[in-house]
Structures are given as C-alpha cells and as structure tokens.
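Q: Given the coordinates of chain D, work out where chain S should sit on it, guided by the hints.
So the chains spell out like this:
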Amino acid sequence: NAGVTQTPKFQVLKTGQSMTLQCAQDMNHEYMSWYRQDPGMGLRLIHYSVGAGITDQGEVPNGYNVSRSTTEDFPLRLLSAAPSQTSVYFCASRPAWAGGQEKLFFGSGTQLSVL
Amino acid sequence: AQTVTQSQPEMSVQEAETVTLSCTYDTSESNYYLFWYKQPPSRQMILVIRQEAYKQQNATENRFSVNFQKAAKSFSLKISDSQLGDTAMYFCAFMKMDSNYQLIWGAGTKLIIKP
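Each protein sequence line maps, in turn, to chains D and S. Residue numbers for the first sequence follow my numbering, so the first one is 1 and each next one is one higher. Residue numbers for the second sequence follow my numbering, so the first one is 1 and each next one is one higher.
With the rest of the complex left out, here is chain D (with noise of 0.2 Å):
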C-alpha cells in the first residue's frame, strides 16, 4: 500500500516557469489537499477537493490552480513561478469519515525552488 505519493521530490525553477506537482493515492479517500510550509509559519491550505469534480481554494490559493478529474490523482498547477513560490509543498488526503480516527495521510513532500 503506497499511500500518499508526491512528484518530484526537488524541482528548481527560473521565475515565469510553469510546472506541475502530481499527488496520487491508492486509499481511495474522498479528501485532498495542498499544503505548503514555510519556515516559522505553520502549514497553510493552498486548495483543497471532497471529491471528483469539486475543489476549492484554501488560504494561500494565488498563482495555483488544481484539478480533480479522478479519485486518486490531484495535482498542483504552477501557472508562472515566483521567488515567493518558494516553499515546501505537502499533499495530504484523508477519507471523507474515519469513524472518530480522523487523520491527515500526507506525502513525503516537494522541495521547490524559484531562483
């Protein structure tokens, strides 16, 4: 069982640059969410889904964009890069009920850098 897999787990970007993280997961849970986690800051939501189909935005959604056209795929849109995009990013899921266990599932998160 992978779990929650993130893609790539480095990536260096030149600002205007456009990429895409890819999150996938095989626990067939109805929540995803992007993370990112600066340093002294907490994490903060960039967009979240409850479902194929439906997503929404977080705190921090500016310059990103998502999808959601299957269950297990939920990848993160870099339209044109920022030295402010800099960050680590996390995607997390987690089912829709866990019975009173509820927890996050994250991956092992992407190291991204806008020069």
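Cross-link-like lysine to any residue pairs, in silico, SDA-like; alpha carbons within 25 Å at most: (1) K78(S) x T3(S); (2) K114(S) x V48(S); (3) K103(D) x F68(S); (4) K55(S) x Y25(S); (5) K103(D) x Q102(S); (6) K103(D) x K110(S); (7) K70(S) x G99(D); (8) K55(S) x Q101(D); (9) K70(S) x E102(D); (10) K9(D) x T55(D); (11) K9(D) x G85(S); (12) K70(S) x A98(D); (13) K14(D) x D38(D); (14) K103(D) x Q57(S); (15) K110(S) x M41(D); (16) K73(S) x I46(S); (17) K114(S) x P40(S); (18) K70(S) x Q51(S); (19) K110(S) x D38(D); (20) K110(S) x A59(S); (21) K55(S) x E102(D); (22) K73(S) x E102(D); (23) K70(S) x Q101(D); (24) K96(S) x M41(D); (25) K96(S) x E102(D).
What the hints contain is simulated information worked out from the structure, not anything from laboratory work. Nothing here was measured: the structure is a model prediction, and the numbers come from that model.
A: Showing chain S alone in chain D's frame:
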C-alpha cells in the same frame, strides 16, 4: 477565525528526561479535533496524538500524552523518557469537527534531544 499558537520556537532536553510542548488555540467552536504532528529531518509528517474536544479524558499514546484544557484553550504535549529519535519539529493543529478539510496549524516547536 481559528488560530493556533506555539510559543516555544525551540526546546532542548537530555535524553530520558520529560519535556512538555505548549499549544494554545482560539476558537468559538465547541466541537473540534486537536492534533500533534511530528516532522523529523526526513520531512515526513507523522501523527503523534489526536484529541476530540468532546472527550474529557486526555489522549495518550505510549510515551506521549496531552494535557487538554478546553476552557483555557490549551493543548500541551508531554513526552516522557525522551529518546534521540524524538528530535523533530512538532506541530499543533486544529480542525473543526464538521470541516471539509481545514486544519489550522501552529508555527511549530523544534525539539532537540541531547545524548
């Protein structure tokens, strides 16, 4: 809006000692979850312990326990018999019980266990 505050940016203790990490939160909700997550240098996010606000009994997981004071909005983590492998960032997080996804995170506490 909910906020989570971790007032200790960094702590260090000797191996085998007991250490307590502080977390306070602000919410007008009555039903919610609180979490402590551990992030070792590997960057992986690992759930340490979870507390449901409607439960008066403090959660425990082996050497990890919490002191949950609902009226004071305090949620501290106690690590007993600390081990070198406990060295990590520790994050406190809040989630409304009827939330689609929204975890609100503290800024984290860097814990160093010295041999």
